[in-house]
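Taking the hints into account, I'd like the entire structure generated from these sequences.
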Amino acid sequence: MRVLQGIARGLPRGLALRVFAGIAALVHRLDHAAVRRSLEHLRIAGFRPTDDPAREEIVRAMFRASGRNAVDLLRMSGFTPEELRALVRFDGLEHLREALARGRGVVALSAHFGNWEMLAAGLAANGIPVTIVARKIFDERSNRVLNSWRRACGVRVVTRQKGLFPAVSALRQGDMVGTLVDQDTGGPSIFADFFGRSAKTPRAPFLLARRTGAAMIPMWIRLDEDGVHRATIRPPLEPARAATLEQGLRADVERWHRILEEAIREHPEQWVWHHRRWKTRPPEESDSLRDLSKTSPYPADFQRSREVVGAR
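First residue of the sequence shown: 19, per this note's numbering; consecutive thereafter.
These are computed hints drawn from the structure, not numbers from a lab. Don't take every hint at face value.
Stated by the list, open to error - Simulated crosslink set (PhoX-like; lysine-lysine; CA at most 25 Å straight-line): (1) K218 to K297; (2) K180 to K154; (3) K297 to K154; (4) K180 to K218; (5) K218 to K154.
A quick note: this is a predicted structure, and the numbers were derived from the prediction, not measured.
As structure tokens, this is what we get:
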């Protein structure tokens, strides 16, 4: 990590973006398993076999975007607040400020989309009190380094392993608590439709908002070709009314999924398609990911994504 950080910080940022995009292109050629998995997940999400060229282009673009996003992650702790405000532009920041003014905190619903670390850093640079709920990565030394970068940008970190109490405390202080709610992880979850197929999604962020009265606000970020990170912040989602808590939570998750699907269809290369999003199946299903044949109701929507990515 230190070697990569030295390269990213030692080069002018524009050159570093090109160099890391090239490194990622090499990884794309070598990591056959991740490429195959990404292509299959694009098929699950709505691409039919006749769309193979579009799927392949999106996967190439995804690797390139990951490489470019790595640059600012590695440089992040060296940015001043002024530099972060220049690098991260917000659309809808007023929604977050208005929700925080209520005094009950905000549960931010985000995803592994674009440079989510720069999203948190950019918010902190704009005076937003940010606490993120992070999963410990496998290497303890790397985990410490990453958390030190976050703290250098004014972002507080709590780990999932400590449960909900630290997040509740942050909300009571009026913080925004950032969560990434787009992967099949451990812990209590809900199965809800995602691109036309049931996917296991953590329920904790939605339960946290209901129990504390915090606003639920969807947000995500992307890195454009001009080198600027552009973040989108949506108005708060009101908790769904339902006969039972579980039904309400499922409705909340499905509304979040619809919003995230829209963002992914708009910029499919920004999402991590190699993650095994549909690996865990509901108890009532007997099939497996290898046998998937169901298609999404969204193939027409992806036509625009193919044109957008192909034009880049």
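Hints and how they fare:
1. K218 to K297: holds, 8 Å
2. K180 to K154: holds, 11 Å
3. K297 to K154: holds, 21 Å
4. K180 to K218: Given pair K180, K218 holds - Cα atoms ~21 Å apart, limit 25 Å.
5. K218 to K154: Holds - the C-alpha atoms of K154 and K218 are around 20 Å apart, at most 25 Å.
The earlier numbered hints are all upheld by this structure, with none contradicted.
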